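Just so you know, the sequences run in chain order A and B. Residues in the first sequence are numbered from 1 upward in steps of one, following full-length UniProt numbering. Residues in the second sequence are numbered from 1 upward in steps of one, following full-length UniProt numbering.
If you are wondering where the hints come from, they were derived from the structure by calculation, not from laboratory data. Given the structure is predicted, the values throughout are model-derived calculations rather than measurements. Glycine included, every Cβ here is placed at the ideal spot set by N, Cα and C. It is possible that part of the hints are untrue.
[Claimed, not checked] Simulated restraints on C-beta separations:
{"#": "1", "chain 1": "A", "residue 1": "D133", "chain 2": "B", "residue 2": "L259", "range": "41 to 49 Å"}
{"#": "2", "chain 1": "B", "residue 1": "W188", "chain 2": "A", "residue 2": "G77", "range": "35 to 43 Å"}
{"#": "3", "chain 1": "B", "residue 1": "G174", "chain 2": "A", "residue 2": "V73", "range": "51 to 59 Å"}
{"#": "4", "chain 1": "A", "residue 1": "L61", "chain 2": "B", "residue 2": "T10", "range": "38 to 46 Å"}
{"#": "5", "chain 1": "B", "residue 1": "E127", "chain 2": "A", "residue 2": "E127", "range": "51 to 59 Å"}
{"#": "6", "chain 1": "A", "residue 1": "V16", "chain 2": "B", "residue 2": "L254", "range": "33 to 41 Å"}
{"#": "7", "chain 1": "B", "residue 1": "Y47", "chain 2": "A", "residue 2": "I131", "range": "25 to 33 Å"}
{"#": "8", "chain 1": "B", "residue 1": "Y47", "chain 2": "A", "residue 2": "P142", "range": "34 to 42 Å"}
{"#": "9", "chain 1": "B", "residue 1": "T10", "chain 2": "A", "residue 2": "I131", "range": "40 to 48 Å"}
{"#": "10", "chain 1": "A", "residue 1": "R87", "chain 2": "B", "residue 2": "V257", "range": "15 to 23 Å"}
{"#": "11", "chain 1": "A", "residue 1": "K62", "chain 2": "B", "residue 2": "A31", "range": "32 to 40 Å"}
{"#": "12", "chain 1": "A", "residue 1": "I209", "chain 2": "B", "residue 2": "W67", "range": "54 to 62 Å"}
{"#": "13", "chain 1": "A", "residue 1": "L19", "chain 2": "B", "residue 2": "A60", "range": "49 to 57 Å"}
Here is how the chains run, residue by residue.
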Amino acid sequence: MYAAPAAVFVLLLFVVPLLLVGQMSASEWPLLQGSRGINLPDNYAGIADDRLFWPAVGFTLKYTLIVVVVLLVLAMGMALLVQERRRGVGFLRTAYFLPVSLGLASASLLFWGFYSPQIGPIDPLLEWLGITDEPIRWIGTPNMALFSSIVLVVWKFAGFFMLILMVGLQSIPNEVYEAARVDGASKVQSFFRITLPLLRPSIALCLIISITGSLLAFDQFFILTNGGPDNSTTTVVMMIYREAFRRFDLGSAAALSVVVLLVLLIINIAQFRYLRRGADE
Amino acid sequence: MRLQQVIGRTSFWVFGGGLAIMFLVPLIWTAVASVSPHGATAQQEGYGFNNYRTLTEYDAGLPTYLWNSAYVSILTVVFTLGLSLLGGYAFARFRFPGRDALFLLIIAILMVPYATLLVPLWVLLGELGMRNSLFGLALVLTLYQLPFSMFMMRISFEAVPREIEESALVDGCGTFGVLRRVLVFAVWPGMITVGLFAFLHAWNDFIAPLFMINDSSRYPLSLAIATLRQQTMGAVDFGATQAGVVIMALPCLLLFVLLQRHYVRGFMSGALKG
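Here chain A stands alone, though its shape is the one from the complex (with noise of 0.2 Å):
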């Protein structure tokens, strides 16, 4: 009876547009007309063939792996750092996290002003001390505008997975520290064989979190490159978008959006096979 008003809202609001974005992807869907029928299997084919929708899926897998990467060890060793008490870690802790409780827009926005040569800060430092005299074009070639973006993620999300791990840390416990010491175990060695293997439930939670976030990656490229230069940085959300509110086709962004869904889910199944296996053992 209490569940009700939960159930009611779960089925109008997701169960229905589920249904009905099946429904959308297999249908010529122009954006202010409204349906005209049945035209299957034209919009997913038409996926294939856009000239961006390659490159877009491309790009969003690289992004992914070295955002993925990068986050999780940057958040691994802040993480170690700050892990014990002593005298100034709260101070740290509480630096690394402020940038998590600003929202992915507002953060983008921040970037956007911070890499920009009019009011940016880094180039008038860089001319003064001499090491560059024309500005960094942060956000200028393709490979720039990548490495941009990554440094605006890591910057924001980095103290999030730091907190996962560090919870994970901490619930290890120190008798089996003691007793790889007493073994003879260097530091080193009781990292890889002990904290690492005892840490793969934290680990794997931040996996999740990340690659799923990375594969969705929407804001920051929308806002900070435009999906530019020349497309460079387009990914595959920004083309439901685009084919949506751009080129009012519901159609073929809903046909965009079940594709993504069915990647994801496949993903994501793995990603819990793999994890389950790994806790069975």
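Go by the hints and put chain B onto chain A.
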């Protein structure tokens, strides 16, 4: 041994402190940049609040956008709390047909990308007469808060010992009376966490309003500031953008600092169980 300790402590501070500076610099920079003089901004000479003045007068005006954001955020918090309080109670305390299926369905929302549902939701809300509606936007934002909130509230209710409510039931309270008079106070910490996350999510979200709201007088702040920088005919106002970032960030930082202990603990218990 002594020397080793000194080296250890020094490198801790060099690494840790250096990183901390790198994390803090952009935040400090945006606050300074929003009030300092720059060529391409309204603040031409000396320090002052001209960028904020530009923002106040931009298009529909800062107060409108602030109100839109606040309205959407508050509605989202109310919807999320309402649904997850009642739902969490139901899942934790009652057996009813379809209980497990419904809970799984709610958790399954996490498996469906945001972007996948935005296109059909745009059509669906339009059919229901909620095109460009902030109310509709709040519904969409609530949907994505449900898995976490429902999970959190279910755990919160399950952690309350049954004896507490049994005496109230014996005293003739109905199940709703028990919820209202007794249990709400016991699950208060969970509600704060759920409400806080719902607020931050709704306040900061960008992609849902971008898809759902096309009428610029109904833009929430995030969307208004992002379009502000594109609209002024090639002449981009960097100063006003940073002023906007500061205004967007202030409530988040404030909530974070005020509720830090709670926020982190609530999150940690969730992360541990998840």
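Structure-based check of all given hints:
A C-beta distance of roughly 47 Å is found between D133(A) and L259(B), which places it inside the suggested range of 41 to 49 Å. Distance hint check: the CB atoms of W188(B) and G77(A) are about 37 Å apart, consistent with the given range 35 to 43 Å. A beta carbon spacing of about 55 Å between G174(B) and V73(A) agrees with the range 51 to 59 Å that was offered as a hint. Remark: the range hint 38 to 46 Å for L61(A) to T10(B) is upheld by a beta-carbon distance near 41 Å.
Remark: the range hint 51 to 59 Å for E127(B) to E127(A) is upheld by a beta-carbon distance near 57 Å. At about 38 Å, the beta-carbon gap between V16(A) and L254(B) stays in the expected band of 33 to 41 Å. Between Y47(B) and I131(A) the C-beta distance comes to about 28 Å, which sits within the given range of 25 to 33 Å. Between Y47(B) and P142(A) the beta carbons are some 37 Å apart, a value that agrees with the proposed interval 34 to 42 Å.
In this structure the hint that T10(B) and I131(A) lie 40 to 48 Å apart at CB is violated, the actual value being about 27 Å. Roughly 21 Å separates the CB atoms of R87(A) and V257(B), a value that falls within the hinted 15 to 23 Å. Between K62(A) and A31(B), the C-beta spacing of about 34 Å keeps the proposed range 32 to 40 Å intact. Between I209(A) and W67(B) the Cβ separation comes to about 33 Å, which falls outside the hinted range of 54 to 62 Å.
In this structure the hint that L19(A) and A60(B) lie 49 to 57 Å apart at CB is violated, the actual value being about 36 Å.
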